[in-house]
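Colleague: As a plain string of letters, each chain reads:
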Amino acid sequence: MSLPEFRLLRPHAVEEAVMMLERHAGNIRVLAGGTDLIPSMRQKLFEPPYVVDLRGIAELRGIRRQSDGGVEIGALSPLSTIERSVYLREHFPVLTEAAGTVASPVIRNMGTIGGNICLDTRCLWYNQSLAWRKGCGFCIKKDGDLCHVAPGGLKCWAAFSGDTPPALLCLDAEIEIASINGTRRMPLREFYTGDGIIYRKLQSNELVTRVFLPAESAGYRGVYRKLRVRGSIDYPLAGVAIAMKRSNGHVSEAHIAITAVNPAPLLVKGASELLAGKMVDEALAEAVGDIAARTAKPLTTSALTPEYRREMIRVFTKRAILAAAQN
Amino acid sequence: MNNGFSIIGKRTALVDAAEKTTGAGKYTDDLSVSGMLTGKILHSPYPHARIRSIDTSRAEQLDGVVTVAIGKDAPNPFGILPVGHDEHALAVDKVRYVGDNVACVVAVSEAIAEKALELIDVDYEVLPAYFDPEESMKAQADFIHENKPGNIEKDYHHVFGDPGKGFSDANQIAEARFIAGEVTHAAMEPHSTLASFELDPHTGKMGRLTVWSSTQVPYYLQHKLSLVLEMPMQQIRVIKPLVGGGFGGKSEVIPLEIIAAVAARKARAPVKITYTREEVFWAHRGRPRTIVDLKTGVKNDGRITAVKARVVQDGGGYCSYGVVTILYSGALLGALYDIPNIQYDGYRVLTNKPACGAMRGHGTVNVRFAFESQLDELAAKIAMDPAEVRRRNLLMPPCITVNGLRVQSYGLPECIEKTVERSGWKQRKGKLPRGRGLGIACSHYVSGAANSIIRSDMPHSTVNIKIDRDGGVVVYTGASEIGQGSDTMVAQIAAEVLGCSLGRVRVIAADTDLTPIDLGSYSSRVTFMNGNATLRAADEVKKLIAAAAAKKMNCAPEELIFRHDVVKKRDTQAGRDGTGATQEGPSVSGRVEGQILRGSLQQKRKEEGPKDWMSFEEAVVAAIDFHGALTGTGSYAPPPEARGGKHKGGGVGPSPAYSYSAQVAEVSVDEETGEVTVHKVWAAHDCGRALNPVSVEGQIIGSVWMGMGQALAEEMVWKDGMLMNPGLLEYRSPSSIESPEVEPIIVESVDPEGPFGAKECSEGSLAATIPAIANAIYDAVGVRLHESPFTPERVLAALRAKKKEKALNLTEGVDPTDPVRFREHGGSLCFKSRGPQRHALDPAHRQAPASAGGAD
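Those protein sequence lines, which keep their order, are chains A and B. So the first sequence is numbered by this note's numbering: it starts at 117 and just counts up by one. So the second sequence is numbered by this note's numbering: it starts at 1038 and just counts up by one.
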């Protein structure tokens, strides 16, 4: 499969990049690591006349500690850099663990944290070649008007399948978004829409440039559990992240987020309240697992049956809580 | 261990290892000829439709497009089996699966060709489609092929012995349905073909055709090209460059190979087509989804009294190797154990999916999964150790089985013994912690088919050897190196026989202009058949050299020993240095002696009188001076005694020799998630004699790994004829993380007819892995899985059913608007909707959509 023809733009500064986005808004795609964009372009999911390659923008790389104890991560930082950061591992372990499960080592060297946050939603009826999609009559997310996963519905259920966003949600991360009008900051939990097509709140002239981890989130114990068929390469079929703080053996604060079972990564509502102030035991972990499973709404967008994947959200949540309470 | 051999039996790096590992080697897609164009194939978006018309004019007008080939450019049908000529290069009247080949654009670039595909207007009349074999068999009209009523490609009904009596003699009988999901080869190299015509100097018209192709069967390709293009075979040259794995997926003529030639003829320019990975899945020819209804009876002493199997294979839209596959499934119920009574009913059924064909362990694997699983169930019923029940049913070779298979060498007892011993079976079986278990299973496979698929009495393999005055040995073999090591095997055998170093031997392989006919690399025939032909060719040359050398040394030829690049009299201590020349290759002095200083040295020797030894070069030169050209030829045809019974379909299954395998798998099962982890597999394989132990071990490990993929994760999933996972991301072959430790154990039974006693080692081990894992899961958590792959959800569903916990329902959808079954056609992840709906962007939109057809 050939790549569609496009003009490659290679800015060296954010200002330059957002100018390009402004000028070609709607006709341009952003390339960071390219691990998602390039295969999708070959499948003709995107045929933009312009591609802006961010890799020349040095300022968007690197992990910087801030004076208040928080951390700023450049959106172009490769996932392997995050995975290997000793500082992050010590203070924000759920993020390094989640980053270390993305795809395979080769892809983690290419793929970036910004790209993982902006990852397109995925579905078996969508991530296919043009010839294949023609065979099924296309789908609601691209070129078509019906959803094969939920026939009769008008909503797209393509699943958000990034590994790091649930971890970032648990850490109450913020992202910086740049455009020619300057930058704004937004809590990551407000970034996703829950719709499979317009899955994020990002204008066509905007760019995700930085990720901020607040100082208050440092020091949480963290665990990420990922359901996949293979121990490498695979996207998550279900994922659970947890960040937990304890004092005197009791949970003082905990956040749980799930991924790959909805069109957005979601914080599990009610989990924090249920855990707060309690000693973790099997029954409690199971109760929280039930809440998480109810939050999950997997459909036949990927391998393994939805019912099984929801069950695994339950099991993995329980296990993640028990593991976080142990280490 | 070495048994007096100097080349074979040694761990030898493959002769093409360096070019492959450095990237210097050329695969078909690496090749280029001047003026070469790119071909791109238009595939059918419908599972079953009649083609009313094709209009290529818009595509042809696109700048950069040279021509568009369609079915009527080459309407002759072909197929790998003489009984199965049901394919066309490009569809002539009908398409039979989503992905079927409709037209081929030839353009100056891939991008332009892809654009042109969008401009081809095809008018389809959509027909009802069949996706489930058991539903397909009930069809009354709209057959997939008009001449196959009921969509049955072929059915066979065999009875050997008296199964009725066998079952009445049994103390315990087990009966169950087993289902094995559809899998494909997933070879690393996608198929690729480059076709180039020469202009005939006399007529100015298109003359000879050269085809470079990723094939396991150059000779069959030459034959089918001749048939479709209506050209004499001698005008067609097929060359096989390096091939990046076949596993059966390149063991027949794949549509792109013919399409490239047809397109090149129409474009009057060389054309290369390389499949995308998705197209590789559509070309397929993998292992069919198989439904096995199996009944087995045993006596309380463990002896099997009878087996009855009904096998239905979901063959896809074309015959391919199907008739052979369904016969193997029945025939190889025999020749592993001593089974006195066998009843077999096999149905190869057509469906509107890509054609299934031959895949590693052809036809035997899924039935072996069922049989070995059921044998464990019966062992439990009679309270016998699973390893012991297998020992109680051993054959007593040499023998001929009840279904006419001749068994001579039989290393199965040793395979069982060694795996049991190495795995600590006796001490550990049943004593591992909960959730961890051991399972054993056995398997076997042919070392080549004793009857070729083409009806001919010609030898199955022929090999030529030429030695010139430089002392270099050139072996011309039709054997197709596809990564399995056949070039190395051929070089080793030639070097062993001639007593020369391996570096002296150059193998020219798989080029129909240069190499004699060989049927190809499939059914694990190459070592046995081409190896025997090589051995005979080398023997013939050796006799010529010996005659001349003996004359020089004043002795009888029989007194000479060829070893370490020296020809010497038996019982003579002297080589060049007493132990013989360097084993690393021809020495510099050797070359000098052989070529430049030969005359003067010979003069000197003559003055010294006859000697006890000669260098290999001296012997070769003497032979050429004495006989003229130094060439030898050898061929192999299986002996009549090995060709099997006379019953209908009895031609498939017989082999000159069978390989044997026994395996123990150690697994653990997570009872909360159903995830299965394979920790270790002890795999013993009887390969007759290991010509290259490192190669044998590689094949054993590869077989176990591929079997594990089928056991745990690999499955082609269908939804209304759409393949849901046509790529290596969603078709989940194991990654290195899942790969367990495999302990390969080589068992050498030394076959009386194999070259130096060798048999096959590439396929036989695969089939044991799947039931070994199934049996280990049973040992670990007490659930018997009847359907492969053993995905976590299937395992968890079985665990919950056993514990009578809340059922994990895998057949009810969770669609909020329309809860329907989402598991169908052997898939585990898709639910049924109302059939493909067409969108306005779809060029085929003007036609009303098909209903889901017979599968409803």
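Worth flagging that the hints you see were computed from the coordinates, not collected in a lab. Any given hint might turn out to be false.
To be verified - Chain B side only, calculated, beta carbon under 7 Å to chain A, not exhaustive:
| id | residue |
| --- | --- |
| 1 | P1082 |
| 2 | D1494 |
| 3 | P1496 |
| 4 | E1830 |
Even glycine gets a Cβ: it sits at the ideal position worked out from N, Cα and C.
Colleague: Checking against the hints above, which ones are violated?
Modeller: Hints 2, 3 are the ones this structure does not satisfy, whereas the remaining hints hold.
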